[in-house]
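There are 2 protein chains.
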Amino acid sequence: VPKLIDHSQREVEVAEAAWRVLRRDGVTSLSVRTVAAEAGLATGSLRRAFPTQDALLAFSLELVGRRARARIEALPPAASVREGVEARLFELIPLDDERRAEMDAYFTIGSLASTRPALAPAYRALYDDLRAGCRAMLEALARESSGGEVPDEASLDLEAQHLHALLDGVALHLIQPGEASDRSKQIITTHLDRLDWPTRH
Amino acid sequence: VPKLIDHSQREVEVAEAAWRVLRRDGVTSLSVRTVAAEAGLATGSLRRAFPTQDALLAFSLELVGRRARARIEALPPAASVREGVEARLFELIPLDDERRAEMDAYFTIGSLASTRPALAPAYRALYDDLRAGCRAMLEALARESSGGEVPDEASLDLEAQHLHALLDGVALHLIQPGEASDRSKQIITTHLDRLDWPTRH
Numbered sequence: 002v003p004k005l006i007d008h009s010q011r012e013v014e015v016a017e018a019a020w021r022v023l024r025r026d027g028v029t030s031l032s033v034r035t036v037a038a039e040a041g042l043a044t045g046s047l048r049r050a051f052p053t054q055d056a057l058l059a060f061s062l063e064l065v066g067r068r069a070r071a072r073i074e075a076l077p078p079a080a081s082v083r084e085g086v087e088a089r090l091f092e093l094i095p096l097d098d099e100r101r102a103e104m105d106a107y108f109t110i111g112s113l114a115s116t117r118p119a120l121a122p123a124y125r126a127l128y129d130d131l132r133a134g135c136r137a138m139l140e141a142l143a144r145e146s147s148g149g150e151v152p153d154e155a156s157l158d159l160e161a162q163h164l165h166a167l168l169d170g171v172a173l174h175l176i177q178p179g180e181a182s183d184r185s186k187q188i189i190t191t192h193l194d195r196l197d198w199p200t201r202h
Numbered sequence: 002v003p004k005l006i007d008h009s010q011r012e013v014e015v016a017e018a019a020w021r022v023l024r025r026d027g028v029t030s031l032s033v034r035t036v037a038a039e040a041g042l043a044t045g046s047l048r049r050a051f052p053t054q055d056a057l058l059a060f061s062l063e064l065v066g067r068r069a070r071a072r073i074e075a076l077p078p079a080a081s082v083r084e085g086v087e088a089r090l091f092e093l094i095p096l097d098d099e100r101r102a103e104m105d106a107y108f109t110i111g112s113l114a115s116t117r118p119a120l121a122p123a124y125r126a127l128y129d130d131l132r133a134g135c136r137a138m139l140e141a142l143a144r145e146s147s148g149g150e151v152p153d154e155a156s157l158d159l160e161a162q163h164l165h166a167l168l169d170g171v172a173l174h175l176i177q178p179g180e181a182s183d184r185s186k187q188i189i190t191t192h193l194d195r196l197d198w199p200t201r202h
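Chains as they are written, first to last, in this note's numbering: chain U, 2 to 202; chain F, 2 to 202.
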C-alpha cells in the first residue's frame, strides 16, 4: 500500500469533479479549466493545488484506490473466509453509479498512463495493490480448503493473475451500458467455486 | 458480423497510422493532423477520406475486428474442438506488438465511445461479435463434452459473459508492461479445463 498523501477535503472534491468530467464528457474534454468549472473553483485556485493536469489525474487515481480500501475496511466481519473474500471482491467491481465513475476514471487514466510517465506510478500502485489483494484472498481460501496447507507460490501467482484479469474484465464490462450486474457477481462466485489447488507435499 | 465497408488500402494505412499514434503518444495527441503526418499524407487528403475524427476512429476500430476475423479464418484446421477453440482464443489476446497496438486502440476508442455517440456502434459491434464468438465456442465445447447435448441457454449466456470478461481482462493486462504472455495463455486453458456444464435433461 503506497503512503497516502494527506490531501484536504477540497482536493478530494476536485478529484471527484475530475471523475464526473471524465465520465460525462470523456478524457479529451478534461482540462484544469473544465475540472475547475465542475468543482465550482477558480482555475487559478485549482492550479495551486494541482500545478499540472497529470498531478490532478494522478491524485484522482490515488483516490480510487483509497476509496476502495476504505470500503473494504468498513465491511462487517464475515461468517467465513469465503464470504469475506466474496464481499471484498464485490467492492472491487462497479455495482453502482459512484463506483462506475471511479472505475471509468481508473481505466481511462490507466490507458493514459502508458504514454504519460507522470501517471504511471499511481496506476502501477493500484494495479500492484489489486494483484497483491487477489493473491492474499486466494491464499486464505487455499489454506482454508486444505486445512492449513499453503499452495505452491507458482500456482498462487498464476491464480492471482487469473482472478485479477477476471475482475478487471468484469469491471470493464460493467461500465458498458446494458451489462447485467447480478450476473457479474455470479461469474465471480462461479470462478471461486471452480478453484482447485495443487497443494504442496 | 457487421457488413464490411470496402475501404481502400490507403484507408487501412491511415487506420494503422492512427493505432500507432494512439499507442505511442496517447489519445489526447490524436488528431487528423497528427494521423496525417504519421501516414505521410496531406491533412486535406485525410479529411476527404475521414471527414471527422470520429469517422477515422470508427474505421480504426472496425479494422481491429476485421483483422481478428481474418487471422481466425486463416487458422489451419484443428485436430479437435478444444484445440480449435484455444487457437481462436489466442488470436483474440495481444501476444505480439501488432496485436498490442490493435488492442490498445480497441480499449482506448472503446473508452471514448461511452461519451461519443458516433463511436458507439462500431465499438458495440465488436463487443457483441466477441460475445457471440465466445458463446459459439462454448457451445461447441459443451456439445462435444456431453456427446451432443446442448447446455441450457442461461448457462451458455453466463459462460459467454464470463469468458468474454476473462479475455478482455487478460488482453487489458497484456498491454501493460511486464505481464507474462505465457501465463496469459495458461489462464485461458485453465479456465477451459474447469468448465463443467449443467446439461439439459
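Incorrect hints may have been included.
Result set (SDA-like, lysine to any residue): computed pairs, CA atoms no more than 25 Å apart in a straight line [stated by the list, open to error]: (1) U:186 to F:133; (2) U:186 to F:197; (3) U:186 to F:129; (4) F:186 to U:102; (5) U:186 to F:155; (6) U:186 to F:82; (7) U:186 to F:153; (8) F:186 to U:32; (9) F:186 to U:125; (10) F:186 to U:12; (11) F:186 to U:45; (12) U:186 to F:158; (13) U:186 to F:187; (14) F:186 to F:82; (15) F:186 to U:158; (16) U:186 to U:156; (17) F:186 to F:26; (18) U:186 to F:159; (19) U:186 to F:140; (20) F:186 to U:41; (21) U:186 to F:80; (22) F:186 to U:55; (23) F:186 to U:39; (24) U:186 to F:74; (25) F:186 to U:68.
Which stretches of chain F does chain U cover? Using the computed rule of at least three CB atoms under 8 Å from a CB of chain U, they are [said to hold, decoys possible]: (26) 36-42; (27) 61-73; (28) 83-93.
No lab work stands behind these hints: they were computed from the structure. Note that the structure is a prediction, hence the values are computed from the model and not measured. From the three backbone atoms N, C-alpha and C, an ideal C-beta is built for every residue, glycine too.
Hints versus structure:
| no. | hint | result |
| --- | --- | --- |
| 1 | U:186 to F:133 | holds (21 Å) |
| 2 | U:186 to F:197 | holds (18 Å) |
| 3 | U:186 to F:129 | holds (21 Å) |
| 4 | F:186 to U:102 | violated (31 Å) |
| 5 | U:186 to F:155 | holds (15 Å) |
| 6 | U:186 to F:82 | violated (29 Å) |
| 7 | U:186 to F:153 | holds (20 Å) |
| 8 | F:186 to U:32 | violated (39 Å) |
| 9 | F:186 to U:125 | holds (23 Å) |
| 10 | F:186 to U:12 | violated (42 Å) |
| 11 | F:186 to U:45 | violated (50 Å) |
| 12 | U:186 to F:158 | holds (14 Å) |
| 13 | U:186 to F:187 | holds (24 Å) |
| 14 | F:186 to F:82 | holds (17 Å) |
| 15 | F:186 to U:158 | holds (14 Å) |
| 16 | U:186 to U:156 | holds (24 Å) |
| 17 | F:186 to F:26 | violated (29 Å) |
| 18 | U:186 to F:159 | holds (11 Å) |
| 19 | U:186 to F:140 | holds (22 Å) |
| 20 | F:186 to U:41 | violated (48 Å) |
| 21 | U:186 to F:80 | violated (35 Å) |
| 22 | F:186 to U:55 | violated (34 Å) |
| 23 | F:186 to U:39 | violated (44 Å) |
| 24 | U:186 to F:74 | violated (34 Å) |
| 25 | F:186 to U:68 | violated (33 Å) |
| 26 | 36-42 | violated (count 0) |
| 27 | 61-73 | violated (count 0) |
| 28 | 83-93 | violated (count 0) |
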